[in-house]
Amino acid sequence: DGGITQSPKYLFRKEGQNVTLSCEQNLNHDAMYWYRQDPGQGLRLIYYSQIVNDFQKGDIAEGYSVSREKKESFPLTVTSAQKNPTAFYLCASSIAQAGETQYFGPGTRLLVL
Amino acid sequence: DAKTTQPTSMDCAEGRAANLPCNHSTISGNEYVYWYRQIHSQGPQYIIHGLKNNETNEMASLIITEDRKSSTLILPHATLRDTAVYYCIVRATGANSKLTFGKGITLSVRP
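As given, the protein sequences belong to chains A and X, one line each in that order. Going by this note's numbering, the first sequence opens with residue 2, and the numbers climb by one from there. Going by this note's numbering, the second sequence opens with residue -2, and the numbers climb by one from there.
It is worth saying that the hints were derived from the structure and are not from the lab. If you're wondering where the values come from, they're calculated on a predicted model, not measured in any experiment. Incorrect hints may have been included.
Some chain X residues judged to face chain A by a derived CB distance under 7 Å, without partners named [claimed, not checked]: (1) P18; (2) G40; (3) L96; (4) F98; (5) G99.
Here are the simulated EDC-like pairs of lysine to aspartate or glutamate, each with C-alpha atoms no more than 20 Å apart in a straight line [to be verified]: (6) X:K0 to X:E63; (7) X:K95 to A:E101; (8) X:K49 to X:D64; (9) X:K66 to X:E28; (10) A:K10 to A:E73; (11) A:K58 to A:D31; (12) X:K95 to A:D60; (13) X:K100 to A:D39; (14) X:K95 to X:D64; (15) X:K49 to A:D39; (16) X:K95 to A:D31; (17) X:K49 to X:E28; (18) X:K0 to A:D60; (19) X:K0 to X:D64; (20) A:K71 to A:D31; (21) A:K58 to A:D39; (22) A:K84 to A:E25; (23) A:K71 to A:E25; (24) X:K66 to X:D79; (25) A:K72 to A:D55; (26) A:K71 to A:D55; (27) X:K95 to A:D55; (28) X:K95 to X:E28; (29) A:K72 to A:E25; (30) X:K95 to A:E63; (31) A:K84 to A:E101; (32) X:K100 to X:D79; (33) X:K100 to X:D8; (34) X:K100 to A:D60; (35) X:K95 to A:E16.
Just so it is clear, CB atoms sit at the ideal spot from N, CA and C, and this is done for glycine as well.
One chain only, chain A, in its complex shape (with noise of 0.2 Å):
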């Protein structure tokens, strides 16, 4: 089955912890995505990677930071210094970014104690 998995589904962090969004696909896809999805808020880009070991930042990059060592992985670590950092995460993924479809994931629930 191929797709876009997301882990975990919910996920606990403690003020000041940094914390890891697993996002892995099996779909071949070249491009990679972050957003965060606020409640009753449409989606906001946190960062995209194009291609493998190259990412840029989107429009809410600050306090996020991501990594691209293989085409399947894309994680996205919140750091401290993510001020408000409780949200829903979700990651996509496409065949190139110029103009194909965008699939996701089905999302991380991050919530802060």
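Fit chain X to the supplied structure of chain A, relying on the hints for placement.
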């Protein structure tokens, strides 16, 4: 900067057609109209997209006006499982072109 305008919410009866409008009066010639939907607490799901011709797939039909300033997503026979937030997005196809999600329209399908 919002490129699309959608009503906040609408409802329809199960089994009837749901027509979801979207205004995009500032759309450029190289920009496509995309529709996604998001069922509560799930990731968005791609539905359909088009440039200027009407499009149809197994999920829905997309009707784009001749001047391309508005479009309508049609779910021909709505079911309770179609209850979701529907996002209309305008997007160019060049490099560094991203999806910008607004608040969408909440469709409620009633029994």
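Verification of the hints:
1. P18: 18 Å, violated
2. G40: Constraint on X:G40 satisfied, holds at 3 Å.
3. L96: 6 Å, holds
4. F98: At 4 Å from the nearest chain A Cβ, X:F98 passes the 7 Å test, so the hint holds.
5. G99: 5 Å, holds
6. X:K0 to X:E63: Within the cut-off at roughly 18 Å; holds.
7. X:K95 to A:E101: The given pair, whose Cα atoms are some 10 Å apart, holds under the 20 Å limit.
8. X:K49 to X:D64: OK: X:K49 and X:D64 at ~9 Å, within 20 Å.
9. X:K66 to X:E28: 11 Å, holds
10. A:K10 to A:E73: Roughly 19 Å between the alpha carbons, so the hint for A:K10 and A:E73 holds.
11. A:K58 to A:D31: It holds: about 17 Å lies between the C-alpha atoms, which stays within 20 Å.
12. X:K95 to A:D60: Holds - the C-alpha atoms of A:D60 and X:K95 are around 10 Å apart, at most 20 Å.
13. X:K100 to A:D39: 11 Å, holds
14. X:K95 to X:D64: 23 Å, violated
15. X:K49 to A:D39: 33 Å, violated
16. X:K95 to A:D31: The hint holds at about 15 Å.
17. X:K49 to X:E28: 10 Å, holds
18. X:K0 to A:D60: 16 Å, holds
19. X:K0 to X:D64: 16 Å, holds
20. A:K71 to A:D31: 10 Å, holds
21. A:K58 to A:D39: 19 Å, holds
22. A:K84 to A:E25: The hint is violated at about 26 Å.
23. A:K71 to A:E25: Given that 20 Å is the threshold and the Cα spacing comes to 10 Å, the pair holds.
24. X:K66 to X:D79: Judged against 20 Å, a Cα distance of about 26 Å means the pair is violated.
25. A:K72 to A:D55: Holds - the C-alpha atoms of A:D55 and A:K72 are around 11 Å apart, at most 20 Å.
26. A:K71 to A:D55: 11 Å, holds
27. X:K95 to A:D55: 16 Å, holds
28. X:K95 to X:E28: 11 Å, holds
29. A:K72 to A:E25: 9 Å, holds
30. X:K95 to A:E63: 18 Å, holds
31. A:K84 to A:E101: Distance ~33 Å between A:K84 and A:E101 Cα, so the pair is violated.
32. X:K100 to X:D79: 17 Å, holds
33. X:K100 to X:D8: 17 Å, holds
34. X:K100 to A:D60: The given pair, whose Cα atoms are some 16 Å apart, holds under the 20 Å limit.
35. X:K95 to A:E16: Between X:K95 and A:E16 the Cα gap is close to 31 Å, so the pair fails against 20 Å, i.e. violated.
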